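Each protein sequence line maps, in turn, to chains A and B.
Following my numbering, the numbering of the first sequence begins with -3 at its first residue and continues without gaps.
Following my numbering, the numbering of the second sequence begins with -3 at its first residue and continues without gaps.
It is possible that part of the hints are untrue.
Identical chains blur together in the list; that is why a pair holds if it fits in one copy or across any two.
Below are the BS3-like pairs computed for lysine-lysine, each with C-alpha atoms no more than 25 Å apart in a straight line [said to hold, decoys possible]:
(1) K(-2) with K226
(2) K41 with K254
(3) K104 with K185
(4) K116 with K255
Think of the hints as simulated: they come from the structure by calculation, not from any bench.
Small disclaimer: the values here were computed from a predicted structure and weren't measured.
Protein chains: 2
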Amino acid sequence: MKSIGVFDSGVGGLTVVKELIRQLPNENIVYFGDTARVPYGIKSKETVIRFSIENILFLLGHDVKLICVACNTVSSFALPVIKNHFRVPIVGVLNPGVREAVYATQNKRIGVIGTKGTIKSRAYELEIKHLDPKVKVTAVACPLFVPFVEEGWLSGDVVMKVANHYLKPLKDAGVDTLILGCTHYPVLKSVIREVMGNGVTLIDSAKQVAIEVKKILSQEGALNKGKKGKLDFFVSDNPEWFSELAERFLGKIVKNAKKVNSV
Amino acid sequence: MKSIGVFDSGVGGLTVVKELIRQLPNENIVYFGDTARVPYGIKSKETVIRFSIENILFLLGHDVKLICVACNTVSSFALPVIKNHFRVPIVGVLNPGVREAVYATQNKRIGVIGTKGTIKSRAYELEIKHLDPKVKVTAVACPLFVPFVEEGWLSGDVVMKVANHYLKPLKDAGVDTLILGCTHYPVLKSVIREVMGNGVTLIDSAKQVAIEVKKILSQEGALNKGKKGKLDFFVSDNPEWFSELAERFLGKIVKNAKKVNSV
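The shape of chain A in the complex, shown without the other chains (with noise of 0.2 Å):
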C-alpha cells in the first residue's frame, strides 16, 4: 500500500498532515521534516531548490505515490522546478489557497501573510493576479511569527504588538481576505483574527490542499480503501523537539520521530 509522502522544512507541515488525516483517514503518510537545515524562509531560491529536490528523494526511497510539499517558502520557490523534474504528482500549498481566497474575496482585496522568502518571491501575487487581474493584492513578511510559535509565545502582549506591526499594512489596504502563507501560522490564529476582526475571511490552505490531494488520488484510482492508514515521521535533526513541537500544529503526540542522515 503506497504512501502519500509530505514534506516540510521543519515542524510547520504537521498542519497539512492534520488536515490530511481528517479528510484521508485510510491513507498511510510519511512526513519527512528538514529539522538539521530549518528555517527555510530566509534561504535563497536556489537554496530551497536544492534542499528540496533532497527531500523529495528521500520520500522516492519510501514508496510514496504522490508528494504534498506542505511548505509555503518550498511552494513558493522551488515548485515549478520541482514539477518538471519528477513523475510523481507533487501537490504545492500556494494555488489551493489562492483558489479559495479568490473564491472568498467581496472586495477584491486579499492579503498575503508569509516568511521573507515566500513574500520576496511574489508567487501568491502572480497566482491571484492569473486567476482575477482585478484582485488588489497586499503581501507582507512576518518574520518574527514562525519564532514565537516555535518558542510557544502564542498570546499576549508581546505578540500582540508584533502582530498590530506587521498586520497594519493589510489593514490599512481594507483585505477582506488574509492568507496565511506560512503552515506556521495557523497556530497564531486568535492572534491574527483578534487584530484584523471578525470581518476578514482567514485562509488556511491545509484544508483545501487535503481536497487536491484527495482529487487527484481518486483520478487516478489510488485513494487507499479500507483500514486505517499508519502515520511515519521522519527528521533530519532533533527528533526529541520536533516532538515536543509536533503537538501544536498536529494536535496530538508524536512519539515514534525518526532521525535519518541522508540529507
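Could you slot chain B onto chain A? The hints should help.
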C-alpha cells in the same frame, strides 16, 4: 601570508571579526558563514559537530594558520571533538569569556545567556566550575534574541518585555557578572544593560578571543608584520542578506561576500 580562519553559523561571528581587526590589523581573515543551514542554536550536538567539521575543511582549503570558532553553540557542543581531529590551532569563544567572568565577579554569582543548544550543553557552567568551584552559575536560554537582532528589533517595548522575561531569573539570582554567550547578543547590549542595571558587568567574549588568538600566533611566531590584512567573506547562501546584516555586527559594510556550494 597565511590567514586566520573564522567560522560561524551565519553573521554573528562578525562581532568577533570586528575585534580581531581592531587587535590584529595586519592579519588576513577568511570568514565562513553557514547561512544555508543557519541557525545552529536549535540543533543537536551531533549535527552541530558534523556541520563544524565541514566548515573547518572549507577553511583549511584557504591556507589558514589558526581557526577561530566564532559561535558559542559550536564552542559549547563541538570544540573538544574538533580540537582532537585537526592539527591547526582552534580557538573557541567559550573559555576566554569564562576566564574574564570568573576574574570579574565579586559576589561569585555569574549569569550566562545563550541559545538553547549552548545552555543545554552546560559547557559554560562546567568551565566556570572548573576554574572556580565556588561560583554559583545561573544559565538561561534566550531563543528570541537571535531573530530580534536579525530582524532589527533592537530597542522598544517588544524587545524590552522579552528581555525582562528572559533575564528575570538572573536578576533574582543576584548575579554581578553576565556572560553574553552568543555572538549576536552584543548587538542587544544596551537593552540587556537597561534590564540588568549598571551594577552588573556584561562579558562580551570577542575582546578576550582576539587576545587569545594574538597570544597563540605570537607564541608560534606566526603573527603577520607589515601591511594591512585583507578580509575575505564566504557564505553558503544569500550573500545579499549577509552583506545587509554585516554592518550591524561588524560596524562596516561587507561588499565582497561570495557564495560557495562546498558544504
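Verification of the supplied hints:
Within a single copy, K(-2) and K226 get their C-alpha atoms as close as 11 Å, which meets the 25 Å cut-off; across copies the closest is 57 Å, which misses it. For a Cα distance limit of 25 Å, the shortest separation of K41 from K254 across copies, 16 Å, qualifies, whereas the shortest one inside one copy, 28 Å, does not. Within a single copy, K104 and K185 get their C-alpha atoms as close as 22 Å, which meets the 25 Å cut-off; across copies the closest is 46 Å, which misses it. When the C-alpha separation of K116 and K255 is checked against a cutoff of 25 Å, the pair qualifies only between copies, where the shortest distance is 20 Å, while the shortest distance within a copy is 32 Å.
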